[in-house]
Amino acid sequence: MSGRVTIDRPPDDSSGGPGASDVPGSTGGPGGRPLSAEEESGARTGRGAGDGGWDDDSVPPADWGRREAAGVAVPWAFVAVIVVLLAGRWVLAPYLTSPALQTWATIFVAICVQALPFLVFGVALSAAIAAFVPASFWTRALPRRPAVAVPVAGVAGAVLPGCECASVPVASGLMARGVTPAAALAFLLASPAINPIVLVATAVAFPNEPMMVVGRFAASLAVAVLAGWIWLRFGKAGWLRNRPHAHEGESKLAVFAAAMRHDLLHAGGFLMVGGLAAATLNVVVPREWLDSVAGIPWLSILVLALLAVLLSICSEADAFVAASLNTFSPTAQLAFLVVGPMVDLKLIALQIGTFGRSFAVRFVPLTFGLAVLVSAVVGWVLL
Amino acid sequence: MSQSLVLMLLGGTVLRISAFSTTYLNYVKPGFRPFLIAAGAVLVVLGVVGLIRDWRRPADTTASTATSTASTSDSVSTSAPASASDSASASAPASTSGSAAASVSASASASGPGSHAGHGGHDHSHVPQVAWLLCLPVFALFLISPPALGSYAAARVDTAPPPPAASEAVAYQPLPADRATDMTVGEFIGRAWGDKNKTLTGRQVRLTGFVVPAKKKNQWYVTRMQLACCAADAFPLKVTVRGANQPPADTWVEVTGTWIPPKSDNVPLGTVPPEISAISVDPIQAPSEPYE
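Sequences listed follow chains A and B, in order. Going by full-length UniProt numbering, the first sequence opens with residue 1, and the numbers climb by one from there. Going by full-length UniProt numbering, the second sequence opens with residue 1, and the numbers climb by one from there.
Pulled out of the complex, with its shape left as it was, chain B reads as follows (with noise of 0.2 angstroms):
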């Protein structure tokens, strides 16, 4: 029974973080949401058919406990073995399956572990110890419910991000010179670096990240961790912003400004993250969705 239940478990926290908030969106990129509801209800449904299948079953177990002198869990446990042969004899009519059944399912609750010698020393009939793991995100998501990587995970990797590809080399457009552009931090490093025009030359825009202090002094930068599949692989792309206070660390905040060129050339790209003059900084909320 308890492996049904800790198949529900982790299920119903799989959709509870899927299907009914955006809180995967820390963890995974926005596409994955249909296949970890697809996973999650599947854990819920194989959970609920084992639940139904013990339920319908419950001789095997039923008496087992009586022989224990406290009702702790491992009495529970140990003792299921020992008292089988003589509980099976006692409540022989509530079986509906029958015994010969009983024993060979994989899934019955208290089949003796005689029945499946040849697997590894574990019966089927309790969760094998390792299964309780599959509990620990679920302690991991409701004890320290973690946030977004922050200024902690892209202060660890200070290398600048690495340079993009040349043949992207001329794909930008324009920008308009009459207002500020809203621009994602992969963008604005892209055209920083890679941009033959250099369109990002005196035009302002906007960018969107998290605060991350910087060692040097009156800079700081404006990060967004970028993914490729999950947050085990994120990668910070960092902006140096100069000309404005730093607000606290991981605070998320909409820098308006210009880009400041590299004075020399001699910098090679890719070890010195692009830096932008700030006009404005303003506070604002975390998005719900906090990676590139």
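Okay, chain A solo, but in the shape it has when bound (with noise of 0.2 angstroms):
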């Protein structure tokens, strides 16, 4: 058995181990102490039988640990990465030309792109408020009482100008700062839909329906508000995640680069999550499906709130897009521009990411419910 392993034994196995030595038969711990065939074997054939037994003791002699240093550092996933990257450039690129793929790619990438922009933003000014603004400005801005804070936070959502992704990252950082959550929520919720740039993009691409502007603002709020007063009510603290808090006795500057690179690297690959989710419904789901059903009122509703959360268009250009849906009631449109911000694939994806799992099963339904109910009423009294 131990001379069979030895011969087994790949040459170049000798970097790799410990236990592996150049002179077959020399085979022995640091100690002098010669290895059983037993534990030879175990190191040979898997780290699960080792790992109990002489992995831990100096095994690696000191110096061998020093020897490797620039070897260790190496992320082996990394290279693998660029080793793809580099081979399928040759290797596989001629085969990946299949239109179909290539439109799904072209509009996943054009999501990512699209995105990223507005979550570094986001990520940097959440970093930002839990680096750089103390705690006790939040609870001297907002009112002490959550119920009243809520509404508060759900209008200060229309000073932060940009799309859903930039608010996910915040609104988690403001509740890192103590910041109550059902306004953090409210915040989240409404910034996206309420903002400046959102509104006269939506003034822009409906010119003869002002009230579309009105209805929005209006729906959003509403929406935001109530949710986050749902969530006072009857929200639990353990259904959200708890982000890390900011170290003491680090600089300022080391908190706020540590807390970017955490947020970027969880909301960014809950982001591509998304992407592609919405790329592949965006090329599969044909939009001849959608005139079939536009002249129901009620499923025209139902149809275009999920038709804004299956593409998942950033909330600053949904207005085009329900412009262009033009066979469908105004009362639809609405309801596709005020869900689209508030629920969509990436954004679950993020919230997934940002307050875990057992948060996004819970406010995304509520969120979903509320706002077309919202958007229903709304353009009922407004369009």
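Be aware that one or more of the hints could be misleading.
[What the hints assert, rightly or not] Short derived list, chain A residues pointing at chain B, Cβ under 8 angstroms:
#1 THR106
#2 PRO151
#3 ARG261
#4 LEU264
#5 PRO286
Hint data in this document are derived by calculation from the structure and do not stem from the laboratory. This structure is a prediction, so every number in the text was calculated from the model and none was measured. Each residue gets a CB set at the ideal place from its N, CA and C atoms; glycine is no exception.
With the hints as a guide, bring the two chains together.
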């Protein structure tokens, strides 16, 4: 058994493990203790067998670790990524030319490229809140009673110029600084829909329907405040995943950079999940399906609300898409505009990544239901 | 360390398509360039800062792989916490920042999982699994190098473009009679549908777009995609070309011709694309700015 193991060992294995020595037969622990066949086969066949045993001893000599220092820092997974990239460019790329795949990739990259600056901006703002704004500021700026703080935070959403990708990390940063979660959530829902840039875009897209802008503002703010209040009344703190708190004793810049990296890696990764789903649905779902339901009032509202979830269009652009869906009633278009910035695939993915799954499974249906109801009522009154 | 490299890879790719080429025009509007460059630069800077921090504090990671029998990526990551305790003592002199600071810092490369126990089960030492997805757009850009949306995407949306708002109906200038006028597809459609003065009648225009086959015989569409924000909300603007053979799909062409007024007024606007009677069709290079 022992001899077989020695013979089987590939020659280059000597660099890999401490048990592997250049000279066959001289295998032994650092203390000169000869390895039994059993121990050695454990070392050969898998780490699981070796973990509990000699692995944790001083088997890797101190100098071995130092010698490997440069090699250890090599992030192998990243190296694999680069290798696949370079090799794939020559080997795979000539085959990846199907129009459907290319269209899908174009839309996926477009969603990512378009959302990335907003995400970076939002993450930077959130990190700045975490690093530079003292927690006491928020307790002074917001009303003490949470029920009052919710609408104030909702209206304050008007000052954040950006789309929904920016608002998630900012809301998370606010919570980390002691803002009532319900108020931060009202801000999260309101800011992508009622900021000036989005309202101007809506006015441009609906030049003959100024009430569309009013309706969008009113309905979005109402949904945000209602959702905040409902969360305040029924929400449990345990549903929200806690953010790592800023560490004391570090420079503010270090906290800022660390918070940005953390948020970018998490929120960015989940943004990609949302982008994948949205691009796939964008390519797979034929638009003709939509026109067949445009005439039925209630169904059309639901269908456009669902479409807003699936398409995941940035809130700065969704008004133009809504305007192009002109076979639908204005109320259904309003539902598209109200739901889109609050619930969509990339946003759901971002919220799961930022606040945790048990939060998202409750908050997303709540917001969606409220948004559909409120926009139906507002559309019925105003449009 | 990997997380810094992932950020740098993504940031570098964003810079590559925005600052050093016009590839970004296939995906977003031209005005988006400064934001893309800024975002790419921020990502690269964050990555570099992280790399420098990791470089200065290599002690905690260095000895960890020595325990692995084969230098595979997963053995690197799984063995790090197990050996952190004994390796810290072995290489303490090399640590510049001290073990206390290293274990507290969010970007410490191998602080043990226990230091952030309340944080969803993952520690800061390695790339969170989901962050590897940040490489996906890089893969898509390198391997597929997705082109601007073409005939496949345009053909999927079969409905004609929306009719222009009535208020635009008066805004058009008369066209010169002696030469062909260059015109965007969007303007042509606007003039065809929303122009009280019918300024298109009898005038030669030149449209630039790509070829989309039509279902009916003896006609095809010269098409341009219109963006509101990014390619995900692109909408095809189509003009039916008659009197010319169809070039292969996706060929970029300049179509010179005259507008064919609709034969009856009964067809509601916006259901059928306007038509052009082609005098000449010239293949051209794809423009760097593919959308309208």
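Here is how each hint holds up against the structure:
1. THR106: With a closest approach of 4 angstroms, the THR106/A hint holds.
2. PRO151: Violated - the Cβ of PRO151/A stays beyond 8 angstroms from chain B, reaching only about 30 angstroms at its closest.
3. ARG261: Holds. Min distance 6 angstroms.
4. LEU264: Result: holds, 7 angstroms to nearest chain B Cβ.
5. PRO286: holds, 7 angstroms
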